[in-house]
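Given chain Y, put chain E in place with the hints provided.
Protein chains: 2
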Amino acid sequence: MNFFNFQKNIFLGIGIMTGTSCDAIDISLIEIHDIAEPVINLISFQSYKFSALYSEKINEIIAKESKVKEISQLNYYLSQVFAEYIEQFIKDTGIAKSKIDFISVHGQTLWHNPKAEMFLDKYVSSSFQSLNLSALAKLTGLPVVGDFRSGDIALKGQGAPLVPIFDYYLFRNPDAPIIALNLGGIANLTYLPKNADLSDVIAFDCGPANTLIDFYANKFFGQNFDTNGLNARNGKLDNKLLQILLSDEYFELEPPKSTGREKFNYQFIDNALQKLNYKVNELDLMRTLTELTAKSIEISIRKFAEPQSRVIVSGGGSKNLFLMERLKHNLFDSEFVGIEKYGITSQSKESVAFAFLGWLFLNEKNGNIPNATGASHSTILGVLAI
Amino acid sequence: MNFFNFQKNIFLGIGIMTGTSCDAIDISLIEIHDIAEPVINLISFQSYKFSALYSEKINEIIAKESKVKEISQLNYYLSQVFAEYIEQFIKDTGIAKSKIDFISVHGQTLWHNPKAEMFLDKYVSSSFQSLNLSALAKLTGLPVVGDFRSGDIALKGQGAPLVPIFDYYLFRNPDAPIIALNLGGIANLTYLPKNADLSDVIAFDCGPANTLIDFYANKFFGQNFDTNGLNARNGKLDNKLLQILLSDEYFELEPPKSTGREKFNYQFIDNALQKLNYKVNELDLMRTLTELTAKSIEISIRKFAEPQSRVIVSGGGSKNLFLMERLKHNLFDSEFVGIEKYGITSQSKESVAFAFLGWLFLNEKNGNIPNATGASHSTILGVLAI
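Sequence lines, in order, name chains Y and E. Reading the first sequence from the start, the letters are residues 492 to 877 in the numbering used here. Reading the second sequence from the start, the letters are residues 492 to 877 in the numbering used here.
Isolated chain Y (complex conformation) (with noise of 0.2 Å):
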């Protein structure tokens, strides 16, 4: 049956997206207009910082056994704290509140892992995203859709990546191919070919993109991430640990494909770490991790894409500038361009991405596509609170 019955084609919608880094929420205003197809802008981004507390917690509750109890507070937890920001975000876009349709939320990510395995008596994959819906609504009197990943995973898909049906909509070109690169936690591309279709569309994650970095440039210097990527210009590249470290399964993996921080962290590395006979000293370890990250994107673009596209370059990564220049010089071929140029900022194409998605779900369209998560067939994605 139809469930949604709106009388109007314009859409007022904010989209919430907390990375995989969890050190901040971004926060997007977007309208969506919905003639011949959806047109979307963007009217208003912030990212507001989380506390350290915060960041500890969850960081902590991921790492740990954690109680039940602590998994039920966490949900509400971060529904109150998500309305704040959000009173927040309303309150500094100087918008009334009663012209917005929906808030789309992603959720905390505590576990995410799509290969399935044996759990009592069946094999499960699944992914979980803390929030409570049903609370956020209610604090913020506001309709709430979110849990995008599930519907993807129930259909043997790996709930990842969501953002290249935004991709497609927004970037797809009839005479060029494109690549839009996020550089998030994980780095993630969505390879749009010349005037493709949806059955086109190549997308997966590549690997690590900030998340070691970030955690590194922590532990060593106390930063919260490595700024402009000095400290990795000022490190030598220890090539023996790269060859190590590319030498994961993980990156020869045909897409579709995804991962996460329970893959790629701490332990990852320690592990490579601890096959070398020297050590590795902090800068050039903070180096060999950028290179990491520029190679392993390079290999995905050759093995899996078209070097020789128009990459649109997003994400928190996309500031590192150390980072784009090892980027661009393993890719020489390939044109790049920041994301800039399409009327959303670097920053806040997740967050927009995902308020795009609650739309999808409003207009009961399927969100998910099947050659890039692996899903069984293209469905809607989402769940709604009111």
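Derived by calculation from the structure, the hints in this document are not laboratory data. Take the hints with a grain of salt, since some may be wrong.
[As the list claims (entries may be wrong)] So the derived label-pair ranges between C-beta atoms look like this:
#	chain 1	residue 1	chain 2	residue 2	range
1	Y	N500	E	K810	51 to 59 Å
2	E	I501	Y	N854	21 to 29 Å
3	E	K647	Y	K582	21 to 29 Å
4	Y	N550	E	K766	40 to 48 Å
5	Y	D688	E	D612	44 to 52 Å
6	Y	K727	E	D612	40 to 48 Å
7	E	K647	Y	Q734	56 to 64 Å
8	Y	K582	E	N857	26 to 34 Å
9	Y	N496	E	F823	53 to 61 Å
10	E	E740	Y	N854	46 to 54 Å
11	E	N857	Y	H868	33 to 41 Å
12	E	S589	Y	K766	57 to 65 Å
13	Y	A587	E	K832	46 to 54 Å
[What the hints assert, rightly or not] One-sided and incomplete, this derived list gives chain Y residues near chain E with beta-carbon spacing under 8 Å:
#	residue
14	F495
15	K558
16	S625
17	V874
[Stated by the list, open to error] Looking from chain E toward chain Y, a few residues come up when the C-beta cut is under 8 Å (computed):
#	residue
18	F494
19	I552
20	S557
21	S563
22	Q564
23	N566
24	S570
25	Q571
26	D612
27	F619
None of these values were measured; they are calculated from a predicted model. Glycine residues also receive a C-beta, built at the ideal position from the N, C-alpha and C atoms.
Then chain E, alone, in the frame of chain Y:
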């Protein structure tokens, strides 16, 4: 804005309940006609036993520290398990799946504590029902409504009881006071004064019904429950122990109030037993736990409702002959009738009520009774996966 616009006033909905004792899944199919007000017909009911493996695992996850991974997997595992039982139910009922409008599901409670506790920098109360609604919608191909407790908790309510609004629609009587008493793992009641309107409804959890009896029937005798109350009948009441158990502050607390197995569990009994300077034998403990249920319900009714009511009994505990004898003895001034008089079986009540809550959501009607839950106001309860 209005969300739903269904061109019909007859709905077929499936309601699913798995109680705190987590030994079975109850599934009802109901038809709801909405002319002047909703009229409910129970078409089919089945209760399917869970495997011991499943029950043990749930109990392990509740009792012990669990990893995020396990909780994430359990959410999807339950969606798979529930989807299989729903298919079986549809087959057993012989109805065409295409005729069913929605599934409404409670989920498996892993945590419920509406009492606000400090969590990081905020007071948080929370409830956690394991299940992934989106996965269940994809696996069944049917819309799913769930997570009914969170909206109420977000509005400072207890998130329970939720059945009172169903009791109100089904049982209210212009000429007599009514008490709807449900004997599940926990005992709860709805008091509907003569000719009540919604603001007159009083409802709360009385305390344990079967949860402790079942636990010790299993521990002592390897039985899933105390059949007909035979073990209890063969024991002697330990009045000293009973008084210690009844001295718990919960029984004195003014409604609204709700509770669960996180309070009335093995530990609760063990603490009381340790205050005695003698051992209580197995049958005497069964007898005393049965009286704890019967007596705490009596206290609840005399203190917070009206004993000279018609008491409509439902739930598995209504099959415990000895418990019913004790209840009738204690509440000699009440009139007891089985819920079967109202076209619903004793066992099906909660699953029927949850199907009704799903219907309320899809009709954008409020589902909580602030009087019963303590919420700041009445609101739509639930979340929809399509």
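Hints, verified against the model:
The given range of 51 to 59 Å is respected by N500/Y and K810/E, whose C-beta atoms sit roughly 56 Å from each other. The hinted window of 21 to 29 Å between I501/E and N854/Y holds, with their beta carbons roughly 27 Å apart. Separation of K647/E from K582/Y is about 24 Å and conforms to the stated range, judged on CB atoms against 21 to 29 Å. The given range of 40 to 48 Å is respected by N550/Y and K766/E, whose C-beta atoms sit roughly 43 Å from each other.
Between D688/Y and D612/E the beta carbons are some 49 Å apart, a value that agrees with the proposed interval 44 to 52 Å. A beta carbon spacing of about 43 Å between K727/Y and D612/E agrees with the range 40 to 48 Å that was offered as a hint. In this structure, K647/E and Q734/Y meet the distance hint of 56 to 64 Å, their C-beta atoms being roughly 57 Å apart. The supplied range of 26 to 34 Å is met by K582/Y and N857/E, whose beta-carbon atoms lie about 29 Å from each other.
For the pair N496/Y and F823/E, the beta carbons lie near 56 Å from each other, so the given range of 53 to 61 Å is met. Taking the beta carbon of each, E740/E and N854/Y are about 52 Å apart, inside 46 to 54 Å as hinted. Between N857/E and H868/Y, the C-beta spacing of about 37 Å keeps the proposed range 33 to 41 Å intact. Take S589/E and K766/Y: their Cβ atoms lie about 58 Å apart, and the range 57 to 65 Å holds.
About 53 Å separates the C-beta atoms of A587/Y and K832/E, a value consistent with the hinted range of 46 to 54 Å. Interface hint status for F495/Y: upheld, as the beta-carbon distance to the closest one in chain E is roughly 6 Å, under 8 Å. Of the supplied interface hints, the one on K558/Y holds, with its beta-carbon coming within about 5 Å of a beta-carbon of chain E, less than 8 Å. A hinted interface residue such as S625/Y counts as satisfied when its beta carbon comes closer than 8 Å to some beta carbon of chain E; here the least separation is about 4 Å, so the hint holds.
The interface hint given for V874/Y holds, since its Cβ lies 5 Å from the closest Cβ of chain E, which is under the 8 Å cut-off. Of the supplied interface hints, the one on F494/E holds, with its beta-carbon coming within about 6 Å of a beta-carbon of chain Y, less than 8 Å. Annotation: I552/E was flagged as interfacial toward chain Y, and the flag holds, the nearest CB pair being 7 Å apart, inside 8 Å. Interface hint status for S557/E: upheld, as the beta-carbon distance to the closest one in chain Y is roughly 6 Å, under 8 Å.
At a threshold of 8 Å, the smallest CB-CB gap from S563/E to chain Y is about 4 Å, leaving the interface hint in force. Checking Q564/E against chain Y: minimum C-beta separation of about 4 Å stays under 8 Å; hint holds. The criterion of a C-beta within 8 Å of any C-beta in chain Y is met by N566/E, whose closest approach is roughly 6 Å, and the hint holds. Interface hint at S570/E: satisfied, since its Cβ lies 7 Å from the closest Cβ of chain Y, which is below the 8 Å cut-off.
Nearest Cβ of chain Y to the Cβ of Q571/E: about 6 Å, under the 8 Å cut. The hint holds. For D612/E, the suggested interface contact is upheld, since its CB lies about 7 Å from the closest CB of chain Y, less than 8 Å. Evaluation of the F619/E hint against chain Y yields a held restraint, the C-beta minimum of about 4 Å falling below 8 Å.
Violated hints are absent here; each numbered hint is respected by the structure.
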